[in-house]
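Q: Model the placement of chain B on the given structure of chain Z, informed by the hints.
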Amino acid sequence: MGIRFVLLVNKQGQTRLAQYYAEHLTLDERRALEGEIVRKCLARTDQQCSFVEHRNYKIVYRRYASLFFLVGVDNDENELAILEFIHLFVETMDRHFGNVCELDIMFHLEKAHFMLEEMVMNGCIVETSKSNILMPIQLMDKAS
Amino acid sequence: MAAASASSSSPSLIDTLFQRSLDDLIRVLRSSSSAALEAAAIARALDEIRREIRSPDLDTKVVALQKLTYLASLHHFDMSWAAFHALELLPSTSLPQPRAAYLAASLSFHPSSTDLLPLATHQLRKHLAPSPSNSPAVAAPALHLLALASSPDLARHLAPDLLPILSNQSSNPLRPKAVATALRVLAVCPDTAPVLFKPLVECLSLSSDPRAVSAAIGAFCELALAAPDPSPYLPLAPEFYRLLVDSRNNWVTIKVLKIFARLAPLEPRVAARIVDPVCQLLRRFTAKSLVFECIRTVFSSLLDHDAAVRLAVDKIKEFLASDDDPNLRYLGLQALNMLGPAHSWAVEDSREVVIQSLNDTDTNIRREALRLIMGMLCDSNVVDICNMLIKYAIKSDPEFANEILDEVLATCGRNVYELIVDFDWYVSLLGEMVRNPHFAKGDEIERQLVDVGLRVRDARPELIRVARNLLIDPALLGNPFLCKVLSAAAWVSGEYVEFSRNPLELVEALLQPRTNLLPPFVRAVYVQAVFKILAYSFISFIEQIQAGESLAIGNSLNQRGGKQEGSDLVAAKSSSDQNNAFEIGDGVATADKAILFDSIEKQETFKHESISCLLNLIETVVGPLSECGEVEVQERARNVLGLILIIRGTQFWNIEEGHELTRDNKITKMVELMESAFSEELGPVSTNAQKRVSVPEGLILNENLSELLDILGDDDINPCASVSFSLRNHHSTETNQDSATAIEPNSLLAEHRKRHGLYYLPMDKDKSESNDYPCANEPLLPVSHGEDTEDIVKLPAQSLIPEKAKPTKPRPVVIRLDEGDGVSSSNLSTAKESKDDMLSGAIRDVLLRNEKKPSSTHKTSSDRTSQRRENDGSENSELISQQKESNSFGDREHGKSSSRKSRHHHKERIESSGQNRDNEEKSHRHSAKSSHHHRRHKHRQRGDAPLDIVPQSPVIQDFLL
Numbered sequence: 001m002g003i004r005f006v007l008l009v010n011k012q013g014q015t016r017l018a019q020y021y022a023e024h025l026t027l028d029e030r031r032a033l034e035g036e037i038v039r040k041c042l043a044r045t046d047q048q049c050s051f052v053e054h055r056n057y058k059i060v061y062r063r064y065a066s067l068f069f070l071v072g073v074d075n076d077e078n079e080l081a082i083l084e085f086i087h088l089f090v091e092t093m094d095r096h097f098g099n100v101c102e103l104d105i106m107f108h109l110e111k112a113h114f115m116l117e118e119m120v121m122n123g124c125i126v127e128t129s130k131s132n133i134l135m136p137i138q139l140m141d142k143a144s
Numbered sequence: 001m002a003a004a005s006a007s008s009s010s011p012s013l014i015d016t017l018f019q020r021s022l023d024d025l026i027r028v029l030r031s032s033s034s035a036a037l038e039a040a041a042i043a044r045a046l047d048e049i050r051r052e053i054r055s056p057d058l059d060t061k062v063v064a065l066q067k068l069t070y071l072a073s074l075h076h077f078d079m080s081w082a083a084f085h086a087l088e089l090l091p092s093t094s095l096p097q098p099r100a101a102y103l104a105a106s107l108s109f110h111p112s113s114t115d116l117l118p119l120a121t122h123q124l125r126k127h128l129a130p131s132p133s134n135s136p137a138v139a140a141p142a143l144h145l146l147a148l149a150s151s152p153d154l155a156r157h158l159a160p161d162l163l164p165i166l167s168n169q170s171s172n173p174l175r176p177k178a179v180a181t182a183l184r185v186l187a188v189c190p191d192t193a194p195v196l197f198k199p200l201v202e203c204l205s206l207s208s209d210p211r212a213v214s215a216a217i218g219a220f221c222e223l224a225l226a227a228p229d230p231s232p233y234l235p236l237a238p239e240f241y242r243l244l245v246d247s248r249n250n251w252v253t254i255k256v257l258k259i260f261a262r263l264a265p266l267e268p269r270v271a272a273r274i275v276d277p278v279c280q281l282l283r284r285f286t287a288k289s290l291v292f293e294c295i296r297t298v299f300s301s302l303l304d305h306d307a308a309v310r311l312a313v314d315k316i317k318e319f320l321a322s323d324d325d326p327n328l329r330y331l332g333l334q335a336l337n338m339l340g341p342a343h344s345w346a347v348e349d350s351r352e353v354v355i356q357s358l359n360d361t362d363t364n365i366r367r368e369a370l371r372l373i374m375g376m377l378c379d380s381n382v383v384d385i386c387n388m389l390i391k392y393a394i395k396s397d398p399e400f401a402n403e404i405l406d407e408v409l410a411t412c413g414r415n416v417y418e419l420i421v422d423f424d425w426y427v428s429l430l431g432e433m434v435r436n437p438h439f440a441k442g443d444e445i446e447r448q449l450v451d452v453g454l455r456v457r458d459a460r461p462e463l464i465r466v467a468r469n470l471l472i473d474p475a476l477l478g479n480p481f482l483c484k485v486l487s488a489a490a491w492v493s494g495e496y497v498e499f500s501r502n503p504l505e506l507v508e509a510l511l512q513p514r515t516n517l518l519p520p521f522v523r524a525v526y527v528q529a530v531f532k533i534l535a536y537s538f539i540s541f542i543e544q545i546q547a548g549e550s551l552a553i554g555n556s557l558n559q560r561g562g563k564q565e566g567s568d569l570v571a572a573k574s575s576s577d578q579n580n581a582f583e584i585g586d587g588v589a590t591a592d593k594a595i596l597f598d599s600i601e602k603q604e605t606f607k608h609e610s611i612s613c614l615l616n617l618i619e620t621v622v623g624p625l626s627e628c629g630e631v632e633v634q635e636r637a638r639n640v641l642g643l644i645l646i647i648r649g650t651q652f653w654n655i656e657e658g659h660e661l662t663r664d665n666k667i668t669k670m671v672e673l674m675e676s677a678f679s680e681e682l683g684p685v686s687t688n689a690q691k692r693v694s695v696p697e698g699l700i701l702n703e704n705l706s707e708l709l710d711i712l713g714d715d716d717i718n719p720c721a722s723v724s725f726s727l728r729n730h731h732s733t734e735t736n737q738d739s740a741t742a743i744e745p746n747s748l749l750a751e752h753r754k755r756h757g758l759y760y761l762p763m764d765k766d767k768s769e770s771n772d773y774p775c776a777n778e779p780l781l782p783v784s785h786g787e788d789t790e791d792i793v794k795l796p797a798q799s800l801i802p803e804k805a806k807p808t809k810p811r812p813v814v815i816r817l818d819e820g821d822g823v824s825s826s827n828l829s830t831a832k833e834s835k836d837d838m839l840s841g842a843i844r845d846v847l848l849r850n851e852k853k854p855s856s857t858h859k860t861s862s863d864r865t866s867q868r869r870e871n872d873g874s875e876n877s878e879l880i881s882q883q884k885e886s887n888s889f890g891d892r893e894h895g896k897s898s899s900r901k902s903r904h905h906h907k908e909r910i911e912s913s914g915q916n917r918d919n920e921e922k923s924h925r926h927s928a929k930s931s932h933h934h935r936r937h938k939h940r941q942r943g944d945a946p947l948d949i950v951p952q953s954p955v956i957q958d959f960l961l
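Order-wise, the sequence lines are chains Z and B. For the first sequence, UniProt numbering begins at 1 and goes up steadily by one. For the second sequence, UniProt numbering begins at 1 and goes up steadily by one.
Straight-line alpha carbon distances no greater than 20 Å define the calculated SDA-like cross-link-like pairs of lysine to any residue that follow:
no.	chain 1	residue 1	chain 2	residue 2
1	Z	Lys-130	B	Asn-249
2	Z	Lys-11	B	Ile-26
3	Z	Lys-142	B	Thr-93
4	Z	Lys-58	B	Asn-364
5	Z	Lys-142	B	Gln-97
6	Z	Lys-111	B	Pro-96
Hints listed in this document are in silico derivations from the structure and should not be mistaken for laboratory results. On a predicted model such as this, the values are computed, not experimentally measured, just so you know.
Bound conformation, chain Z alone (with noise of 0.2 Å):
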């Protein structure tokens, strides 16, 4: 299913927001899990690679301030091509919010979600480019 879930966690291992995909989990699965991943990628250091191996697929994760944006995916899937959409997720929202930060999303989670609707379904990338992603959003605000 390429991409299983995005999660984003601070420092402190709040979570910020949470998408599933495909797989469906229940409230305490989906707390245990949130809890084994962030105690596994948190304690991890800068010199480390940003790939983890969790039960039977991976993650990807990247560090951004003080966010965390950990996407879990199937084992077939480029590693280093995740991290790129990582990017592209961060750059979107800076794009958007202007200097993006954990407050930003915390206030603005819709949006977030939003924008990440646009670039993934059902655990596939279908939209890589940032106007294009931003555009509904952008409609959203000036129509309201």
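A: Structure of chain B alone, referenced to chain Z:
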């Protein structure tokens, strides 16, 4: 509005006016300093939400839903109860409201937990319909919801609604989304393939919007990767190839490469065709993600093309050399791991980097390097590499040290120690591992120490040396991780005491004061080992005296001839005879010599005083244990004390000269008893031993056993009773009872075997063996020697590093019983395949039909496909049964070989590798055959179909040739 809210009971106007927004809620949560405060705030918010969400005012409702979505998504609160409220907001015409509702739904709905999903069908259809009133802003989240939460029913109902979007030629932003959603619909409900697959294929065409192409290639990549047999996608190879050559989008190229990695093994022409473009990409592009994908493709599917492999390996070296980027180093190691031992030269090239990576700061990189090194192990380099790793483990951190030990143990123990030639080395390596300061792998070492003892006769002298070194070290006794290992060492020291140079030293080690630190179950093993050593020492002592007697006789006989050597010869012979009593059927000349050497030494050690000293020591230390609270320890301690009492009861204390001893019947009898108690060797037992016993006719295993008492005669029950009796009471009535305990299990066992031979492993597994324990080397002494020399000649040629392959001694025989693991796993996989085949079967239908009749109406086509699917189903089952056959064939061969294996392992190893190759070839051939089979099937179908159809399968052939 006001009247409405007044009439409905709970939400008041006040609520609506003073409702807290989502931002308010977030601020409150942020300002709550402790977890308790936050929980209270959330509880209050949830109460409000429950009230507000029932408000008839849609604005109030949507804010409540937004707050609930926030809490559910980030704080893991249940919101399934609000599903209906989300559905209520979907039809709203004000844009933000359905969007908020869709977001809530896509984060919480799932067919397994949401019963209300069918209620959404109509609204989704409305939003997906191409009308000017629908903006993409609602169609996009509708697609998103469909992709995340579609049940088979929902997928079936809404699949036709995806068609207009999918086949829209203009650059509709919804089209790529519809492609991704169609992928999900196909996965949930394969029946929709006839409807959806054709537009998906069209998305790949040249005229399509690049975004649609990108999404479609992603979808095909997922389909091809998920399918157990990707052959249905082969006809699309020309399209994929065009994209591979033309596409300027890295993401698309990566996906195309993934598809080709899957297709290339099916069709050699595809592989030959893509080699060049892949090499071009490797040379020209700098984007690491693309380069890495090319490397992966080469390593997984293009291994036959040497130039490509070399190029990829060069790129890997660049990856490994990038000191500042741990990601590239990790991926480089991972890619090298994909290469099999056939390409070990690639690892050899980067050997230094790989070994350095064991020292990396990143555990993942270290682990990958370790995996890589272990993958390169073969019988010629196993000694060097394992020695290096074990030394390395001493210096590394606790976690990784144990990972290294784990890997070494697992790899060396794999397939009954198939890599190990020099067991003396391996056993001492096991001893070395224990000395690692972070050692925590007691269970596995315990298992392997005992296992090697059971399986490899020639390793026993070294094994007992290692056991002695472990037992004798008082520092090891306090370590809780080691007690399992010590338990194994104690068992080894008792069981194979005849190889020990100094049994008395062993007893001292087993009874040293710090042993009271051990847990009771280990202590019990210690005491039992003391029992065995004591029995052995006493027998040796007696027989030594007897031997001395015969020596005296021999001397008197030979005195006339005056030949001193002759007497030595006799002495040697008699002592070797005596040792043969323990060594049943030992036929190896070298082993005999070793034992002879041992026995000559032992003649020095077993003196009158040393035996009495031994008895005193045991009595003092084991004595208190007879009052021990632990039954196991207590019982065994009493066994030992009982034996000592018997020994003391005999007259050997008072005897100075041996000749009187032989007349003491009691002693001879006792020696015989003790010998027979311990001389029987323990062998490994197959895990399937029980399964192999066929249930005799008329025996119902689930039957109630209460009637057993009537069926069994008295004579069956009596011996059991006497055993338990003697165990409990031997302290008071030791003399006869105790020796009875020693002998009875054996005689009972023999008797039981005679009566119920059916339930035991067959005695004559190998025709050459008279014993149920396969003897070392004995039956084929001349033959095996011939093979050994052959093997030594071949070794250097096989080895990874030729100069290090020294002509070692022949690999000792390792007893192995057949394993039945392969069978169950293959069954599993076939079961999985048959399940997964549904989708690819449906897709194959569609592809074939597309090519035949591009413009057929849905109705007739679905009828036809359903018919064809039946055909296909039968074909699939045929295939699977074929596979099963081939599997079982392989198993049979394996079984045959393993029975041979116990006799001459050397030849077997060579054979088995050859056999593997055979099997591989066979499977290749088989897969080739099966793909042919498909194609033939296609041809047949074409023959059935009307004549106006353009023959399709040549397309790929023309293109490729």
